[in-house]
Every structure is written in C-alpha cells, then in structure tokens.
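As they're listed, the protein sequences go chains S and X. If you read the first sequence in my numbering, its first letter stands for residue 106, the second for the next number, and so on. If you read the second sequence in my numbering, its first letter stands for residue 106, the second for the next number, and so on.
Because the hints were derived from the structure by calculation, they are not lab data. In this text, all values refer to a predicted model and were calculated from it rather than measured experimentally.
A pair counts as met if it fits within one copy or between any two copies, since identical chains are not told apart.
Heads up, simulated DSS-like pairs for lysine-lysine below, C-alpha to C-alpha not over 30 Å straight-line:
#  : residue 1 : residue 2
1  : K112      : K249
2  : K340      : K306
3  : K455      : K112
4  : K112      : K306
5  : K112      : K337
6  : K412      : K258
7  : K195      : K340
8  : K112      : K340
9  : K337      : K249
10 : K306      : K258
Protein chains: 2
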Amino acid sequence: MISEQMKTLVANSSVIRAMFEEGKRLAEIHGLENVYDFSLGNPNVQPPARVKEAILDILDQEEPMAVHGYMNNSGFEDVREGIARHLDQKYGLALGGESIIMTCGAAGGLNITFKSLLNPGDEVVVFAPFFGEYRNYAANYNAKLVVVPADTKTFQPDVEGLRRAITARTKVVIVNSPNNPTGVVYTAGTMEQLAQVLREKEAEHGTDIFLVSDEPYRELTYDGAEVPYLLKYHKNSIIGYSYSKSLSLPGERIGYLVVNPEAADFQELMGALNVANRILGFVNAPSLFQKVVARSLDAEVDVDYYKRNRDMLYGHLTAIGISCVKPEGAFYLFPKSPIQDDVKFCEDAKRYNILMVPGSAFGCPGHVRIAYCISRERVENSLDAFTKLMENYK
Amino acid sequence: MISEQMKTLVANSSVIRAMFEEGKRLAEIHGLENVYDFSLGNPNVQPPARVKEAILDILDQEEPMAVHGYMNNSGFEDVREGIARHLDQKYGLALGGESIIMTCGAAGGLNITFKSLLNPGDEVVVFAPFFGEYRNYAANYNAKLVVVPADTKTFQPDVEGLRRAITARTKVVIVNSPNNPTGVVYTAGTMEQLAQVLREKEAEHGTDIFLVSDEPYRELTYDGAEVPYLLKYHKNSIIGYSYSKSLSLPGERIGYLVVNPEAADFQELMGALNVANRILGFVNAPSLFQKVVARSLDAEVDVDYYKRNRDMLYGHLTAIGISCVKPEGAFYLFPKSPIQDDVKFCEDAKRYNILMVPGSAFGCPGHVRIAYCISRERVENSLDAFTKLMENYK
Numbered sequence: 106m107i108s109e110q111m112k113t114l115v116a117n118s119s120v121i122r123a124m125f126e127e128g129k130r131l132a133e134i135h136g137l138e139n140v141y142d143f144s145l146g147n148p149n150v151q152p153p154a155r156v157k158e159a160i161l162d163i164l165d166q167e168e169p170m171a172v173h174g175y176m177n178n179s180g181f182e183d184v185r186e187g188i189a190r191h192l193d194q195k196y197g198l199a200l201g202g203e204s205i206i207m208t209c210g211a212a213g214g215l216n217i218t219f220k221s222l223l224n225p226g227d228e229v230v231v232f233a234p235f236f237g238e239y240r241n242y243a244a245n246y247n248a249k250l251v252v253v254p255a256d257t258k259t260f261q262p263d264v265e266g267l268r269r270a271i272t273a274r275t276k277v278v279i280v281n282s283p284n285n286p287t288g289v290v291y292t293a294g295t296m297e298q299l300a301q302v303l304r305e306k307e308a309e310h311g312t313d314i315f316l317v318s319d320e321p322y323r324e325l326t327y328d329g330a331e332v333p334y335l336l337k338y339h340k341n342s343i344i345g346y347s348y349s350k351s352l353s354l355p356g357e358r359i360g361y362l363v364v365n366p367e368a369a370d371f372q373e374l375m376g377a378l379n380v381a382n383r384i385l386g387f388v389n390a391p392s393l394f395q396k397v398v399a400r401s402l403d404a405e406v407d408v409d410y411y412k413r414n415r416d417m418l419y420g421h422l423t424a425i426g427i428s429c430v431k432p433e434g435a436f437y438l439f440p441k442s443p444i445q446d447d448v449k450f451c452e453d454a455k456r457y458n459i460l461m462v463p464g465s466a467f468g469c470p471g472h473v474r475i476a477y478c479i480s481r482e483r484v485e486n487s488l489d490a491f492t493k494l495m496e497n498y499k
Numbered sequence: 106m107i108s109e110q111m112k113t114l115v116a117n118s119s120v121i122r123a124m125f126e127e128g129k130r131l132a133e134i135h136g137l138e139n140v141y142d143f144s145l146g147n148p149n150v151q152p153p154a155r156v157k158e159a160i161l162d163i164l165d166q167e168e169p170m171a172v173h174g175y176m177n178n179s180g181f182e183d184v185r186e187g188i189a190r191h192l193d194q195k196y197g198l199a200l201g202g203e204s205i206i207m208t209c210g211a212a213g214g215l216n217i218t219f220k221s222l223l224n225p226g227d228e229v230v231v232f233a234p235f236f237g238e239y240r241n242y243a244a245n246y247n248a249k250l251v252v253v254p255a256d257t258k259t260f261q262p263d264v265e266g267l268r269r270a271i272t273a274r275t276k277v278v279i280v281n282s283p284n285n286p287t288g289v290v291y292t293a294g295t296m297e298q299l300a301q302v303l304r305e306k307e308a309e310h311g312t313d314i315f316l317v318s319d320e321p322y323r324e325l326t327y328d329g330a331e332v333p334y335l336l337k338y339h340k341n342s343i344i345g346y347s348y349s350k351s352l353s354l355p356g357e358r359i360g361y362l363v364v365n366p367e368a369a370d371f372q373e374l375m376g377a378l379n380v381a382n383r384i385l386g387f388v389n390a391p392s393l394f395q396k397v398v399a400r401s402l403d404a405e406v407d408v409d410y411y412k413r414n415r416d417m418l419y420g421h422l423t424a425i426g427i428s429c430v431k432p433e434g435a436f437y438l439f440p441k442s443p444i445q446d447d448v449k450f451c452e453d454a455k456r457y458n459i460l461m462v463p464g465s466a467f468g469c470p471g472h473v474r475i476a477y478c479i480s481r482e483r484v485e486n487s488l489d490a491f492t493k494l495m496e497n498y499k
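Chain S with its partners taken away, still in its complex shape:
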C-alpha cells in the first residue's frame, strides 16, 4: 500500500527501532542505571532558566492572538531582526532580518533549502562520516547523494576528495561542524580550502554551488575551539541553525536559516524558501518558540557538563587502547572499532550493556559513534564495562 520509496525507509527505520527496543529490554533485565545507552543524540542537560522565564513573560505581556497566530511564513519580523543583530554582533557581520528564515529546527531548514535549490538528478555532496538523514533529505527531492570518503586521521573534510566529487550537476555541498558523528570542529584552514575548491569549480562549470552548513552543535565546543562562520568563506552559503542542542529544546522544533546576502539570486532564493516552508507543510516555525528564542539569544546550556563527560570517556577509552580523534565539540566520540567489523563490535558491546551506533550508519565503517549526552554517573559506571569489552580483543 505504501509508496515504493517509503518501503525501504520503513525497513531501515526498524533497525533503529530495534536498537531502542534492545535498550528497553536490557533496562528491564539489569535496571536502567546499569545500561549504558550511548546510542541517542538527545541532550540530557536542562534548558537554561531563561527559557521558562521567557515563556512566562510572553504569556504575561503579549496578546494571545499575536503569540499563537499566523505570521509571514518566514517568521515574525522582529524575531528575524533580533537574530540578525545578534549574529552581527557575535560574528562581525552586517545581516538584515531579510537574511533569516525561522524554521522547524535544522531538519526543517535543510528540507526547505533542498526543496528550493534542487532539481531531480542534481547532486548533493557530503563528507563521510555524515548524519544519515542527509541521504533521506536529498532523496526527498530526487537528488543524488555523492559521498566524499572520510579522512580517518583527522576527520576534517577531504578537500581533494571534494575536488574530484564535484560535477556540473553539483548544487549543494553539506558541511556539519561540530560534526555528528565525530565531534570534530572544521578549522578555518579547512573552510578556506573548501571555499577555494568551490570557487574554482563554479568558474570551471559556470555554476553556482551552495555550501550548506548544518549547525545544531555550534555552541557546544570545548578547549576554546572556534567554529568558523560559514558566510565569511563562500558567497553561495546557507546556515541551518537549531536551538535543539544550544537551548536543549529538541522537541520544540525551532531553528532558523541564514542566507548569505551575497548569494546568487538572493531575493528569488528567499522567496523560494518562504514558499517551501509553506508548501512542505511547515507553514511557519512554531510561533511561541520563535518569541522564546528571540528573548534567549544569550542564554546557554551547561556545556561544561558535556565537556567533563567527554574528558572522562575519552581519557578512559584511549587508556584501554581504543584509538580516537579527540573531539572539540558536539557530544559524540567516534573511535575506531578494535575489530574491522563495527557492527559486530556493537553487538559484542551489548553483552556488557553498552549501546553504540556502528559507523556504517554514517558512511564510515570500522568506527562507532558514542553519544555521551547521558548522566555523569552513567558514564562513570560504563568505564568498567568498556574495559571488560576490550578484553575480548586482547
């Protein structure tokens, strides 16, 4: 009965579902506190107090119809202006609110971007390892996903690989920093090299190639790492931002797009994004939370909590012989599997109540993703289990 495209996707989604069920099954046997579920990228740090205050202030001060009513499909104008001014101050830009579109999270933002830009058969380039949903977002618009293999030494995007991957049909290149699943932050040097390749290829093919940055983890960085601001590197650039992690509001589906005012056909592109927001069924980003984030621009979650989880886990895993690029952001580790078969390694780990996701799911077999956005106590308790797991491979 269901569409051909969905048949495969439903089959695949049952694998994720199976992992979730396995976690529940293990929790029932061993108790929830004894299952080390590193499989989900779900923030465990509380939203800042400012969020609740903002909701209460809005309900107190503004008219209900203004809070919960329709607005332009791109979002409230004052909210868009406020975000633009915030970004201007923070990154030394000169944006106007007309560069911002409020979206249902970064996932909504990427979908309206793809809908606006992609003709069937166009190519979207991603760097392995990559968030698996990019494949589905490209397929939604009948575009072709082109994967640049991973540089497993640094997990920086492979610039020469990009050069080889670009064709006359390349319309979008996705970057994602801090990265899911590696936690690596792209350096300014990397960004400059990427932009250089795009400029050369745009000139060679006479095309516009959009660099699209998926940035839900922008605020989660450690050790003073800075995330270069995309708009400074390439004219045809769009940032998909989300408050899911920066304010721990993943269920509220609130984020925005920033479109570079120097992008090709800027006005037409903004018009297309506005229409795509409407016709894909988002209509607009949820209205109350547009106002909430506009009043919480300087609020932050306790990033240090994640950092201490990272330190503890990274320190232990490397001490017991697991090789891992030290991540400077997000809440993921992406260590090398001690055996070639990452799926088997994850299966073995379950016997020690450890749940991880095979790197194959991110286009990078031989590694595993560990999402350490869980309680410190749980991380601590998991250390012994990792030690015992590793004894199998001595």
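Assemble the complex: chain S is given as a structure, and chain X must be docked to it using the hints.
Structure of chain X alone, referenced to chain S:
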C-alpha cells in the same frame, strides 16, 4: 538558481503577496478600520483560557526535559492515547493511541500522508472548489491532481463526477468539510455515496483508494450541523485534524492524523507516516503544544462569534441580490460573483476597500471567497460598501 518547480510557485505566491500589500496600502490611506479585508483565513477569536492555564500547569508540574525533549516521531504516547479516548467518547469509536500521529498542523499531516502513500504519477482527486495548497502538496510527491468540477447548486461533492474521475492510478481522494472556501458541511448521505463509489472502484481496479479528510474546521459549525465522522464510512481513511481554528492556535502548528485501524496494511502505513514525519524535517509535532492540546480536549473557542458574523453578512449579501449557498461551518462565504469574471469583481471591490479572493484560486471561477473571521465592527461597516459595490452591476 532556484529549482524549476519553485520558479512557478514563487511567481504565484507574489499574487498573494500583492493582495496582502494592497491591504496594507489601503489601510495606510483610509485607516485600518475602514479596510474590509476578507482575504485571510486567520482566526480572530481568542484561544480559550484553558490554553494559557495548560501551559502554566505543564511548566509548573513537569520536568523541562520531558516537556521540551524528543519523543517518538509520532508523538508522546500519553497524548496520543488521550486523543484516541476523547475521539472514542465523542464519536463512539474504539481507537487506540496507535491510530494517532501528532503532526505540525493539518498541512504537516497531509504532507506525511502523501509522502507515505504516493508514487510518482499516482492520482489525487479533489472536488472543486478546493484549498489551493492541495495542488502543491500533490506536486511535492510528483502526483497528479485530478479535479472533479463543482456542483455550484449545493457545493456538495459531485458523486457521479467522482465516479468518472477515478482510474487505476487513483490513490487518494481528498474531502474537506466544513469546506474551505464554501463553508458547506458534507451530509451523511454524501459521505455514504462517496464511500459507495470508492468501494465499487476499489473492487473494479483491485486497488486501495484512501479517503483523506482535511478537518481544521470540524468544530466550527452552526445551526446544529453535524460533520459525519469519516472513519465510519470507508475503511481506507485518514483524518488530518488541526487545532489552528478549534483552539485559535494557527502559529503553533499542532494537529494530528487519525488512521482507520481497518485500513489496508495498517501497521506498515503507521510506520511510513512515522518515518515521513521524521525525514520531511518535521521530526515531531512541537512538544509543549502536544501536551497543551492533550490538556485542552474539551476547550472551545467562541464559535458563536463567527456565527453572528456569518448571519450578518449572509443576510445582507442575499438582501442586496448576491446569490450564496448558506454555509453551516468554517468562517467562509462563497457567493456567486454578479459578473462572470470573478477576478474583475474582486478588483472592482477594492475601490470600496473590500478585499476578497477570486474563486479561480480554488478551481471555481465565477465565485469569490469571503473570510469573515474579522471583528464584528468591521463586518458591520462593510455592509454599506457591499451595497455600493453592487450598484455597479444594476
């Protein structure tokens, strides 16, 4: 730069934009209170007090991570169960929460339905006049929209027209009652006849044909009109519900789908809808408002306000010689244009500060849509303007 499909859509959207700008321009010249803007289906009646109470209760009683965090892509299980029980009581059904998927409004619900069901080239049947977005939603999945011409005497769906329209490629038939743009409520007799045709055609072609009901106006009915409950008429049936009008929360993007438990391949279909919610970028319906609507199941907006607007406007328009089917629901009138050219009639009306939408936009030229979800005072003040407008056609 933008995709081919979007080019046309952006051009069309500028027509709506132009209407909006015209309203602003007229308001600047004549004052907002002297412009009779009947062009937007934007509720003007306050949300019930229960909505604000519910938000405050939730923030007070529940953990922030539970309120704002991820859940299953189909929504919170207790919310889905609560809605199922509410529907069971109200309509004498026996649903479980597994038949409900929380969505980003009805627009989100229709999009995940189409994504789940439609292969490219499949046919979606609509009855004129119809909400123009159906055309875009079908195009999102490369389906073909098939329009059954209007029965302008009653604005009930033309059952014999449906019989002629269905082919082996028909996958979905959309109904929308109370109807946008006519305000007409489909009768139980109509629903029975529609279902009978679908059963015959399913048997003839050996196919499953889904009857999909778009029901944002279900609670807005007058004169004791009852809206037949779709699930009782056809096994392959899905309802897209929204709280945009019933609780005056259009900006919050909250609604749900109800899938008939007797539908073909029910489990697989629910799996597909769940995945479609995720990969189209909705991920899940906004979490706080899932909880808000679950605590506001019996709350109602002041429907009588709309009814009194309808009575005043319908009474006056028919008195001055405008022909109109008396609507029993929604907040629209869809009178016959006194001249054949509905676009010209709308242009003429602007000279009297009256803004309406030509019926052509709904696949039914020769009529106009009047959205009377505006203040009573504005409706009152418009009556003279309508009288003067009509004097042009004597």
